[in-house]
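Enquirer: Quick mapping for you: the protein sequence lines, in order, are chains A and B. At position 297 of the first sequence (counting the first as 1) the number is 297 in my numbering, and the numbers step up by one without a gap. At position 126 of the second sequence (counting the first as 1) the number is 126 in my numbering, and the numbers step up by one without a gap.
In case anyone wonders, no lab produced these hints; they're calculated from the structure. Owing to the predicted nature of the structure, the values given are computational and were not obtained by experimental measurement. Think of the CB as a built atom: it goes at the ideal place given N, C-alpha and C, for glycine as much as any other residue. Be aware that a few hints might be false.
[Said to hold, decoys possible] Okay, the calculated beta carbon distance ranges per label pair: (1) B:Ala-336 with A:Leu-231: 44 to 50 Å; (2) B:Glu-299 with A:Gly-108: 47 to 53 Å; (3) A:Arg-132 with B:Ser-22: 54 to 60 Å; (4) A:Asp-223 with B:Glu-241: 36 to 42 Å.
[To be verified] Straight line, CA to CA, 25 Å or less: simulated SDA-like cross-link-like pairs of lysine to any residue: (5) A:Lys-28 with B:Leu-30; (6) A:Lys-28 with B:Glu-92; (7) A:Lys-28 with B:Gly-108; (8) B:Lys-28 with A:Arg-83; (9) A:Lys-28 with B:Ala-198; (10) B:Lys-28 with A:Gln-156; (11) A:Lys-28 with B:Thr-11; (12) B:Lys-28 with A:Glu-221; (13) A:Lys-28 with A:Leu-179; (14) B:Lys-28 with A:Pro-154; (15) A:Lys-28 with A:Thr-11; (16) B:Lys-28 with A:Thr-40; (17) B:Lys-28 with A:Asp-35; (18) A:Lys-28 with A:Thr-40; (19) B:Lys-28 with B:Gln-156; (20) B:Lys-28 with B:Glu-42; (21) A:Lys-28 with B:Arg-119; (22) B:Lys-28 with A:Ala-23; (23) A:Lys-28 with B:Glu-14; (24) B:Lys-28 with A:Gln-109; (25) A:Lys-28 with B:Pro-296; (26) A:Lys-28 with A:Leu-12; (27) B:Lys-28 with A:Arg-294; (28) A:Lys-28 with B:Pro-64; (29) B:Lys-28 with A:Thr-62; (30) A:Lys-28 with B:Glu-42; (31) B:Lys-28 with B:Ala-13; (32) B:Lys-28 with A:Val-219; (33) A:Lys-28 with B:Ser-27; (34) B:Lys-28 with A:Ala-16; (35) B:Lys-28 with B:Arg-192; (36) B:Lys-28 with B:Ser-110; (37) B:Lys-28 with A:Asp-208; (38) A:Lys-28 with B:Leu-231; (39) B:Lys-28 with B:Thr-62; (40) B:Lys-28 with A:Ala-117.
2 protein chains.
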Amino acid sequence: MQEEPVDRAATLAEIAQEAGVSAPTVSKVLNGRADVAPATRERVEDLLHRYGYRRRRGNRQTSPLLELVFHELESAWAVEVIRGVENAVRDEGLSIVLSESAERHGPGQSWVDGVLARRPTGVVLVLSDLDRSLREQLARRDIPFVVLDPAGDPGQEVPAVGTTNWDGGLAATRHLLDLGHRRIGLLGGPARMMCSRARADGYRAALDMAGIPYDPRLVREGDFHHESGRLLGLELLRLPERPTAVFAGNDLQALGLYEAARELGLRIPEDLSVVGFDDLPLARWVGPPLTTVRQPLTEMAETATRLVIDLARGVRPGTLRVDLATSLVVRSSTAAPRAQPAA
Amino acid sequence: MQEEPVDRAATLAEIAQEAGVSAPTVSKVLNGRADVAPATRERVEDLLHRYGYRRRRGNRQTSPLLELVFHELESAWAVEVIRGVENAVRDEGLSIVLSESAERHGPGQSWVDGVLARRPTGVVLVLSDLDRSLREQLARRDIPFVVLDPAGDPGQEVPAVGTTNWDGGLAATRHLLDLGHRRIGLLGGPARMMCSRARADGYRAALDMAGIPYDPRLVREGDFHHESGRLLGLELLRLPERPTAVFAGNDLQALGLYEAARELGLRIPEDLSVVGFDDLPLARWVGPPLTTVRQPLTEMAETATRLVIDLARGVRPGTLRVDLATSLVVRSSTAAPRAQPAA
Numbered sequence: 001m002q003e004e005p006v007d008r009a010a011t012l013a014e015i016a017q018e019a020g021v022s023a024p025t026v027s028k029v030l031n032g033r034a035d036v037a038p039a040t041r042e043r044v045e046d047l048l049h050r051y052g053y054r055r056r057r058g059n060r061q062t063s064p065l066l067e068l069v070f071h072e073l074e075s076a077w078a079v080e081v082i083r084g085v086e087n088a089v090r091d092e093g094l095s096i097v098l099s100e101s102a103e104r105h106g107p108g109q110s111w112v113d114g115v116l117a118r119r120p121t122g123v124v125l126v127l128s129d130l131d132r133s134l135r136e137q138l139a140r141r142d143i144p145f146v147v148l149d150p151a152g153d154p155g156q157e158v159p160a161v162g163t164t165n166w167d168g169g170l171a172a173t174r175h176l177l178d179l180g181h182r183r184i185g186l187l188g189g190p191a192r193m194m195c196s197r198a199r200a201d202g203y204r205a206a207l208d209m210a211g212i213p214y215d216p217r218l219v220r221e222g223d224f225h226h227e228s229g230r231l232l233g234l235e236l237l238r239l240p241e242r243p244t245a246v247f248a249g250n251d252l253q254a255l256g257l258y259e260a261a262r263e264l265g266l267r268i269p270e271d272l273s274v275v276g277f278d279d280l281p282l283a284r285w286v287g288p289p290l291t292t293v294r295q296p297l298t299e300m301a302e303t304a305t306r307l308v309i310d311l312a313r314g315v316r317p318g319t320l321r322v323d324l325a326t327s328l329v330v331r332s333s334t335a336a337p338r339a340q341p342a343a
Numbered sequence: 001m002q003e004e005p006v007d008r009a010a011t012l013a014e015i016a017q018e019a020g021v022s023a024p025t026v027s028k029v030l031n032g033r034a035d036v037a038p039a040t041r042e043r044v045e046d047l048l049h050r051y052g053y054r055r056r057r058g059n060r061q062t063s064p065l066l067e068l069v070f071h072e073l074e075s076a077w078a079v080e081v082i083r084g085v086e087n088a089v090r091d092e093g094l095s096i097v098l099s100e101s102a103e104r105h106g107p108g109q110s111w112v113d114g115v116l117a118r119r120p121t122g123v124v125l126v127l128s129d130l131d132r133s134l135r136e137q138l139a140r141r142d143i144p145f146v147v148l149d150p151a152g153d154p155g156q157e158v159p160a161v162g163t164t165n166w167d168g169g170l171a172a173t174r175h176l177l178d179l180g181h182r183r184i185g186l187l188g189g190p191a192r193m194m195c196s197r198a199r200a201d202g203y204r205a206a207l208d209m210a211g212i213p214y215d216p217r218l219v220r221e222g223d224f225h226h227e228s229g230r231l232l233g234l235e236l237l238r239l240p241e242r243p244t245a246v247f248a249g250n251d252l253q254a255l256g257l258y259e260a261a262r263e264l265g266l267r268i269p270e271d272l273s274v275v276g277f278d279d280l281p282l283a284r285w286v287g288p289p290l291t292t293v294r295q296p297l298t299e300m301a302e303t304a305t306r307l308v309i310d311l312a313r314g315v316r317p318g319t320l321r322v323d324l325a326t327s328l329v330v331r332s333s334t335a336a337p338r339a340q341p342a343a
């Protein structure tokens with residue numbers, strides 16, 4: 001994938017001459033100093049790369065920093081992820097640099113310029129896509145990265161840690177079927193995100209295997225936030241034939257559904273069973289405690305961080321894609337439907 | 001406060017000789033490189049300081065990094081704080097370095113060594129105490145710091161951003177008194193933390209002004225976590241004469257109290273009124289939505305970050321201690337006590 005380095009050593013002075021800059025500027029780029037213009041840095045980095053300066057791992061000039069990038073920090077599960085990264089970096093003597101790429105779905109050029117200046121050991125991207133050009137810039141500088149729970153399809157060559165979303169959707173829906181529910185709604189996450197799609201497909205597969213036809217009237221697409229859970233929950237619960245149970249795309253949407261049920265005077269689980277996804281700490285604390293699919297966020301973040309540290313050391317893992325298992329946690333928000341559910 | 005620098009310029013070579021190291025080593029220290037032994041760095045830094053090298057602000061060699069240190073990342077409010085810091089650094093082109101000082105109540109020497117090597121623009125400490133020696137090391141290197149919501153008494157000379165905890169405790173308790181409650185419990189936070197003490201004193205002052213004697217049997221000291229809310233909540237609710245209302249030290253303890261009430265078959269607010277403190281997002285999502293004292297965590301974190309950036313620029317604010325106002329948010333967990341509360 002990488003262009004072959006020219007097979008001879010060049011001095012800093014030669015590289016400086018070819019780049020049209022001073023030798024101290026080349027030295028600054030080598031030392032990862034911030035006070036170099038991005039275009040200059042890129043030109044010098046390219047020459048350093050061509051002349052094989054930065055080829056030997058271990059000799060590479062890196063900072064003891066691990067970059068952690070969130071698409072958005074609003075989400076309640078950010079802390080679970082940060083804790084996992086913190087667990088993994090603690091013994092390695094690395095510190096976490098945290099950033100947010102809120103505006104778009106992935107971080108942009110100004111973020112990459114900052115990373116190149118900082119020369120971190122590696123990058124963990126949470127639910128963020130790096131476009132191809134940015135990805136290549138990191139690769140050219142030997143900065144490894146791993147995507148945690150990818151929102152899009154990162155491709156086979158991108159190291160990624162996820163969870164078994166499809167199995168989780170299947171387990172959640174089967175649990176409701178086993179309790180006797182037949183009219184089961186889905187309050188899913190955004191369809192553009194792979195994790196939402198996989199959960200929805202698991203839901204569909206469970207219905208299918210139970211011989212229950214998929215009914216699009218019982219399905220809504222939310223945005224993983226509390227408010228969409230409430231609004232779309234109200235839609236589902238106001239249907240002439242409302243569902244007796246709903247699989248929510250995540251815990252926050254499940255809590256929005258709780259609120260919708262309260263507004264309509266429906267009791268959980270007597271009038272409505274609810275299953276979430278994530279198992280955030282708050283799932284245990286709400287009333288009634290939420291039955292949910294546990295996604296091991298902290299362990300996933302630890303795994304992603306260890307993977308990126310391995311890659312930084314030149315250790316090539318057997319597989320670049322790891323999915324950790326989900327598990328169903330049954331609490332008090334699910335029960336058998338009443339004999340004659342209200343229409 | 002600072003030792004006067006010697007009034008003449010010294011060359012790097014002279015400093016190197018005096019420190020017993022090579023000139024490139026002095027240069028590394030000046031450039032904030034990581035590959036210098038802490039003891040050597042300290043010796044060189046001291047000499048640089050004596051010879052006035054690092055006196056001119058603006059010329060100081062700093063990284064565009066803002067250090068954010070949590071005592072512990074478990075707490076659900078960490079995200080609110082991180083968002084505030086992120087808001088404040090975004091336009092400044094700074095990145096956040098996140099660390100946790102979980103073991104002790106404040107970060108130790110190895111953390112300071114890392115900070116000195118990174119040479120950040122400034123440090124925001126969340127609920128962490130820096131001991132005197134560490135504080136002096138930061139001051140000697142001109143690295144400004146601000147304490148957010150100090151757990152101990154940071155002293156007049158320490159820049160700090162807090163909230164009006166006493167006023168919040170007063171407002172919470174007055175709200176319960178206004179509803180007609182007379183047997184009001186306190187499920188407070190750790191007494192060693194200033195914020196807990198101030199909230200408890202506000203509770204006491206409100207009772208006092210209403211002519212109700214302070215009853216230590218109705219008071220418990222928790223640790224700000226859900227589980228202590230549940231366990232101490234069970235103690236309070238099992239008293240022969242149980243309180244008809246409880247002011248919980250924070251939202252998580254309030255939710256623990258919710259669970260204790262559920263276990264004992266007590267309804268909120270019919271049988272028990274509950275007031276929290278913090279106004280985390282989840283306070284809106286629980287059932288019933290929690291009446292709580294809003295602490296503007298995101299704004300506090302923004303203020304602390306802006307203060308530290310000002311200090312880094314040599315701007316001396318009029319006051320080093322800022323408290324942002326709390327406000328009572330009334331939701332559905334509080335109501336008048338029943339005419340004849342169960343004994």
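Enquirer: Please list, smallest to largest, the hint numbers that this structure does not respect.
Expert: 1, 2, 3, 4, 7, 8, 9, 10, 12, 13, 14, 19, 24, 25, 27, 32, 35, 37 and 38
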